[in-house]
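Colleague: Residues per chain are reported as follows:
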Amino acid sequence: MKNVSRFAWLLVVLLVLTACGNDEDKASKENKVSADSGRTEITYWYAFGDKIGENNENLVKMFNDSQDEILVKAEFQGGYGDLHSKTQAAFAAKNAPEVTLNEIASMGVFARSGMTQDLTPFIEKDNDINLDDFNPGLMGNSYVDGNIYGLPYLRSTPILYMNVSMLKDAGLDPKGPKDWKEFEEYARALTKEGTSVGMSMPVSIWYFEAFVGASGGDMLAAEDKEVAFNGQAGVEALEYWKRLSQEGILKIPAGDEASAQAAQDFANGRSAMIFGSTANLTNNLAIAEENGFELNTAFMPSNKVNGVPTGGANLVMTAGLSPEKQKAAWEFIKWMTAKEQTIYASKYTGYLPSRLSAVESEDMQSLYKEIPQYKVAVDQLQYGKARPMAEAYPEISTILADEITRSLLERDLSPKEALDQAAKLANPLLQ
Amino acid sequence: MSWIKARPYVMIFPAILVFTLFFLYPIGYMIFLSFHDWNFVSPVKEFVGFSNFTSLMEDAKFLQVLRNTFMYSGLTVFLTISISLLLALWLNKKGAMYGMVQGAIFSPHIISLVSISMLWMWIMDTDYGLLNWFLGLFGITNIPWLTDPKTSLLSLIIVAVWKGIGYYTLIFIAGLQSIPRDIYEAAALDDTNRIRTFFKLTLPMLSPTLFFLTIIGLIGSFQVFETISIMTKGGPINSTNTIVYYIYENGFRFFKIGYASTAGVILLLIIGIFTVFYFKLLGRKVHYQ
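Line order of the protein sequences matches chains A and B.
Per UniProt numbering, the very first residue in the first sequence carries number 1; after that it's consecutive.
Per UniProt numbering, the very first residue in the second sequence carries number 1; after that it's consecutive.
Okay, chain A solo, but in the shape it has when bound (with noise of 0.2 Å):
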């Protein structure tokens, strides 16, 4: 007996001992100049892999070999929604990165609930950073009620990818589509029966946002009281969408891998043209260049105007850092939006040079000159809009991508009905 009651203390005692060993432990962690190295750590999360995710793990090395005060560690975490939603939850258990990414439209989201540092007097304290150097067609994300939260960093506007061979085969023009009706025309003469479709287009609030836009509407109302979609813009091009996927001339896969699906499609053939963000611009022209075709870009195709939403991630720091940590994720965000790493960045991914300076510098020049279809994204971005950043709007593109499904699926649905009864879904949630 005596044994075991030996041995119940020591279990107590041990427990006791590790929990105190822990707690030591993280407090000595979360101050960290770590002692062997003299470097303050930084955690950084990013998304995407491929291409994109080469590109944050070489310049994250070319930073940490460039200075030796800051030691940068690179994690991914997915796409988009995952990002978002483990920082989300890293934040509430005290342990989040300090520098991450916030996809545009989740700028809002993070800033206002104080998951995010506002970085204005950091800029301010800065001389080495010049703002009006960042291309002012991005900036639009960057301001939560009137203060900066990020930084552009890997961003892009959604571009029409062509297979040129199909268009010659077709005998048109492979320079592309300019507005809507000969967009339409290029999708009926590029279908063939069984073999081959116009577009393939996954259901996507972006590229939805794109053709609201090209009619000169907005998704949101002013002051995100409300939605617009609604409205005439978008019924219009609903309407249009529903009549191109009728007539089956524009093939929508649907489910979690439409995105997949549509790329494959263009991959394989199967479709003549895509819409994608510039950001796939790389891996598109390596793709075309395997399966033996030659890719062009253009231009969102425009209807009353040209518009087309921005895309992309800006750089953020979490908020609630020690001033020293602060200190280094200023720096780290700072080095990473810089002219030079805009400009690796973009040659690596297709993603747009973030700053005007790049644009102009010899180095995207020769590139422009040499494969012209990087330029596209760059010239469009003069029609760039920011996307809405209201808390719901998350939720609000879900319920507008299942009423479009629906519209497009049902024949006597009409895109009027379908998107009236989005908003009445979607209204509450603004208020």
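If you're looking for bench data, these hints aren't it; they were derived computationally from the structure.
Here the structure is a predicted model, which means the values were calculated and not measured.
Cβ coordinates follow ideal geometry from the N, Cα and C atoms, glycine included.
There may be inaccurate statements among the hints.
[As the list claims (entries may be wrong)] Derived CB-CB ranges, DEER-like:
{"hint": "1", "chain 1": "A", "residue 1": "P323", "chain 2": "B", "residue 2": "D127", "range": "52 to 58 Å"}
{"hint": "2", "chain 1": "B", "residue 1": "S107", "chain 2": "A", "residue 2": "S366", "range": "55 to 61 Å"}
{"hint": "3", "chain 1": "B", "residue 1": "F138", "chain 2": "A", "residue 2": "T195", "range": "20 to 26 Å"}
Go by the hints and put chain B onto chain A.
Modeller: What follows is chain B alone, placed relative to chain A:
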């Protein structure tokens, strides 16, 4: 207090600690959150009374989610049990072939659900999938398994049944083997036909197993998440959204923790009812020897 008196409490302390920390505390906290409006990080948790519950009950999307969940659970459990009972009756024999078949149908049970989801996504692909290719051989045109709201839930049920039958069959075989041979001999002496033997003897003797599997199956399928998260993300048009995915979506995608917790409370209630039902009925309506 003397050591003798304290001893049981000391002994049970670790178990209670773990139980409190990982079961009671989260449940209590979830119930607390269900009366609040909170986005997970803001320091303020606004008390809103029962408004989360009332808006959840008026939420057409949530009602569809409930319908989906019941439909999914009911059909999955019914199909899995029927198929595996038939398989068990067939496989409850000695011989290398039976062992092999049993092993083959059991193998999905030990594969991670994530891998299974990826595999089936490829099998069920509308244009390039194995399943549609196979059906194409019989002249059946491409079925949009996962991408049409009419078939998507059914497709997920097929995956769940495929994964479940191996385990269920194993339990059924164990159940069949524990039925004493002499009752069958008695029945044979009375010249009872096979169908009658099955319904009057096998089924009642198997009822504890049947009951156990039904309850476990229902509780399990109410909590389905992985296949949905990977294969459909609740779509298309909400057709495969079930309670647990809905909780995840609201909590981690839309930052509505209070609302998600409320849905969690509803799930707790439903599963609680099944569990109580299970313990109450156990040993009463079910035939034990």
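Colleague: Indicate, hint by hint, whether the structure satisfies it.
Modeller: The hints, checked one at a time:
1. In this structure the hint that P323 of chain A and D127 of chain B lie 52 to 58 Å apart at CB holds, the actual value being about 56 Å.
2. Roughly 57 Å separates the CB atoms of S107 of chain B and S366 of chain A, a value that falls within the hinted 55 to 61 Å.
3. Checked against the hint of 20 to 26 Å, the pair F138 of chain B and T195 of chain A passes, with Cβ atoms roughly 23 Å apart.
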